[in-house]
Amino acid sequence: MGKSISFGVWLEQWFEVYKKPNLQPNSVRNIEQILRLHTSVWLKALPMAKITPFDIDKALAEIPLGRTRVYARQTWNNAFKKACKLGYIVRNVMELSDPVKYRKQRGNALTIAEQAEFLKAIHGKRIEWVMLFYLYTGVRRCEALTLQWDDIDYGEELILIRGTKTAESYRHILLTEPVKAILDEQRKQNESHKFREGITYPPEIVFPFSATEMSRTFKKVCPAHHLHDLRHTFVTRCAECGVNINVCQQLVGHSTPDMTMRVYTHVFDEFKRKEALKFTIFPDFGNKKDG
1 MGKSISFGVW LEQWFEVYKK PNLQPNSVRN IEQILRLHTS VWLKALPMAK
51 ITPFDIDKAL AEIPLGRTRV YARQTWNNAF KKACKLGYIV RNVMELSDPV
101 KYRKQRGNAL TIAEQAEFLK AIHGKRIEWV MLFYLYTGVR RCEALTLQWD
151 DIDYGEELIL IRGTKTAESY RHILLTEPVK AILDEQRKQN ESHKFREGIT
201 YPPEIVFPFS ATEMSRTFKK VCPAHHLHDL RHTFVTRCAE CGVNINVCQQ
251 LVGHSTPDMT MRVYTHVFDE FKRKEALKFT IFPDFGNKKD G
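Heads up: the sequence shown begins at 1 in the working numbering, then just goes up one per residue.
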């Protein structure tokens with residue numbers, strides 16, 4: 001089969017059989033966009049068994065350097081790996097192609113002052129409660145937007161987050177009093193906005209917004225940051241409040257403690273810097289002169 005089937009035909013079959021039925025809508029959409037928009041027509045037309053590492057490198061070079069190129073390589077690699085496993089081809093050509101050299105931008109948490117301005121900016125707006133939910137929970141963008149009312153256990157005071165990015169993404173977070181209040185207000189808002197501009201959302205969805213709408217609206221009220229920075233802000237506030245790093249890692253669904261540690265280390269470095277500035281070779285012991 002591998003000698004005759006084109007890469008494009010295999011991608012369609014791989015997507016329909018192994019990805020589309022098993023992933024969340026947002027992940028399905030991301031893969032579909034890679035296949036439709038960022039996989040060259042000429043590459044799709046090639047027989048899988050005849051694709052060379054140079055072909056892969058050339059096709060990747062046509063994609064602007066950034067996360068899209070990284071994700072395209074990951075997607076093609078997964079498709080080739082499955083074809084190898086099924087015996088359609090004898091080797092995964094992706095293993096011989098050059099890795100994509102791209103350094104992911106570090107998150108930029110809101111300062112306390114920026115956070116205060118942000119809260120003022122969203123007050124009274126439709127996005128207020130979903131933005132507060134991001135700030136109080138540290139969930140990823142689509143983890144909030146796919147949240148359903150049935151995922152909230154008021155008896156056990158837990159919220160099920162159906163994350164798909166890593167195994168740790170599928171997790172429970174605490175239903176704290178502030179989060180309860182946020183969800184109560186969002187429920188009221190949903191009842192009063194059942195129909196918006198002719199668009200209806202399933203009643204089981206907690207936050208009836210699209211991912212694009214969230215990112216664009218956030219950028220309007222907080223132009224110096226990205227929506228994902230609210231997640232970094234949550235981790236930063238955890239570090240500043242002394243929350244145990246392992247607990248924070250579990251709450252945000254980081255796959256390794258290294259990701260959480262990077263934020264904690266930065267916060268502790270700032271703390272050490274402030275403490276070090278107190279040093280002097282002439283310390284004041286509070287001694288008072290005899291009167």
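These are calculated hints, taken from the structure and not from any lab test. Quick caveat, the model's predicted, so the values are computed rather than measured. Think of the CB as a built atom: it goes at the ideal place given N, C-alpha and C, for glycine as much as any other residue. Among the clues, some could well be false.
[To be verified] For lysine to any residue, the following SDA-like pairs were computed, each having C-alpha atoms within a straight-line distance of at most 20 Å: (1) LYS19 / GLU32; (2) LYS81 / ALA116; (3) LYS180 / PRO203; (4) LYS220 / ILE122; (5) LYS219 / GLU128; (6) LYS219 / LYS50; (7) LYS125 / GLU12; (8) LYS44 / GLU62; (9) LYS120 / GLN13; (10) LYS19 / GLU128; (11) LYS44 / LYS82; (12) LYS120 / TYR136; (13) LYS44 / GLN24; (14) LYS50 / LYS85; (15) LYS50 / SER27; (16) LYS44 / PRO25; (17) LYS81 / LYS120; (18) LYS19 / GLN33.
[Stated by the list, open to error] Ranges of calculated distance between the beta carbons of each label pair, as one might list FRET restraints: (19) PRO203 / ASN26: 14 to 24 Å; (20) LYS50 / GLN189: 51 to 61 Å; (21) GLU12 / ILE112: 44 to 54 Å; (22) GLU240 / GLY124: 24 to 34 Å; (23) ALA211 / MET261: 27 to 37 Å; (24) ILE112 / ILE5: 51 to 61 Å.
Practice prompt. Go through the numbered hints given earlier and state which of them the structure violates, listing their numbers in rising order.
Written response: Result: hints 2, 6, 7, 9, 10, 13, 15, 16, 17 break, sorted rising.
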